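J.: Protein chains in written order, with the numbering used here: chain F, 4 to 220; chain D, 4 to 220.
Hints should not be assumed to be uniformly reliable.
Chain copies aren't distinguished; within one or between two, either way the pair holds.
Derived DSS-like pairs (lysine-lysine); straight-line CA-CA distance at most 30 angstroms [as the list claims (entries may be wrong)]:
hint, residue 1, residue 2
1, 145, 14
2, 218, 198
3, 198, 14
4, 6, 173
5, 145, 198
Simulated from the structure, these hints should not be mistaken for lab results. Just so you know, these numbers come straight off a predicted model, no measurement behind them.
There are 2 protein chains.
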Amino acid sequence: MSKPFIFAVPKGRILDEALPMMARAGVVPDAEFHDKNSRALSFACEDSDMRIIRVRAFDVATFVAHGAAQAGIVGSDVVEEFAFSELYAPVDLDIGHCRLSVAEPSGQQNAGPVSHLRVASKYPNLTRRHFEKQGIQAEVVKLNGAMELAPGLGLASRIVDLVSTGRTLKDNGLEETSVILPVSARLIVNRAALKTDERVASLVDAFRAIVSGQKAA
Amino acid sequence: MSKPFIFAVPKGRILDEALPMMARAGVVPDAEFHDKNSRALSFACEDSDMRIIRVRAFDVATFVAHGAAQAGIVGSDVVEEFAFSELYAPVDLDIGHCRLSVAEPSGQQNAGPVSHLRVASKYPNLTRRHFEKQGIQAEVVKLNGAMELAPGLGLASRIVDLVSTGRTLKDNGLEETSVILPVSARLIVNRAALKTDERVASLVDAFRAIVSGQKAA
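Please model the entire structure based on the sequences and the hints provided.
T.: Below you can see the structure in the form of structure tokens.
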């Protein structure tokens, strides 16, 4: 009996765009996956022995990096934040586009050079690295959401967050001042599983073909 | 003009029980707070200059500890996990009861003594501290949710998570094996704000009176 193949997908934003691509790669979760009242954490697939787990984006990377899931889909923001050595992101799925950006209160930009900043973010590693390159030491206040509140309440002078339309920033009196990383969703796989389980290599090929087919179309 | 008074409440479970107590303390968020389509992150209060922010439980503690909110409500699990020196939790609100527990696959309990374990949890500090007391070194895999998946997928042999009815554990073939911490919601305040802003001291008094009134009733 072979080990079940676990595919990890993130809750939220990316999933709606990912499901049609997954279907073309033969990964179709059963009806319970779409039942909002279900308490299940893992789901069977149609015509496949694969199982799907739906977890938070950061946890997708954790499950795959540790080999508890063989493959998954997650934003490049999460891939870059963790930089897990066992996590390999071979296919850019060209969906879930947004950007990781720095924002600050509108009109604050001409405050002159600084050597130290307090920044609110869910991405401490990417934030520190970005400011280090400019010779600025960033003290990161880790928040899990509602970053946009931080400057107005004096918790931080800047935030680093995902930006899509920029509307939430504007609603909170903030302005995007630089882009750290353009973000899109990636197929990620566990490196050891890719070497030892041919189902992983097949899945990578299937997603590659779908993406290049879409680009050609 | 005095600094606006910011009161932080957590999304989810605790909030339904907290709102009636807050109302008795004179903290009543305006109608927009209850509008599920609102994108607002901060809300005015009726008959008061207080503003309410609704953020994730861990972030309630972060805002209050840094003085970006003067007061808030959060579970004792979060207070204990962070152990922020500037965060003071003077009133046990006697709501939001649950417990932080260790769970493992049912029937695994007689595996004998161990010196090292891998544990999946949202609470790395409390988890390490709990196992250290037993002479066990716990390597914590930080997950943000769906902890119950971890043992079945080989990510960890134990989990440390909040348990209420225990039904989710049972559904995932897990058994609660020890309680680390009984949990209830607390009124928390920023220590510096408590010393300098009399509105904070009044709020503490109001919540204390409500809780002792409820106990006497």
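J.: Taking the hints in turn, state whether each one holds.
T.: Verification of the supplied hints:
Within a single copy, residue 145 and residue 14 get their C-alpha atoms as close as 21 angstroms, and across copies as close as 17 angstroms, so both meet the 30 angstroms cut-off. Taking identical chains as interchangeable, the C-alpha atoms of residue 218 and residue 198 lie at most 30 angstroms apart only when both belong to the same chain, with a minimum of 28 angstroms there against 62 angstroms between chains. Taking CA atoms no more than 30 angstroms apart as the test, residue 198 paired with residue 14 passes inside one copy only; the shortest distance there is 28 angstroms, against 42 angstroms between copies. Taking identical chains as interchangeable, the C-alpha atoms of residue 6 and residue 173 lie at most 30 angstroms apart only when they sit on different chains, with a minimum of 23 angstroms there against 49 angstroms within one chain.
For the homomeric pair residue 145 and residue 198, the shortest alpha-carbon distance between copies (26 angstroms) is at most 30 angstroms, but the shortest distance inside one copy (36 angstroms) is not.
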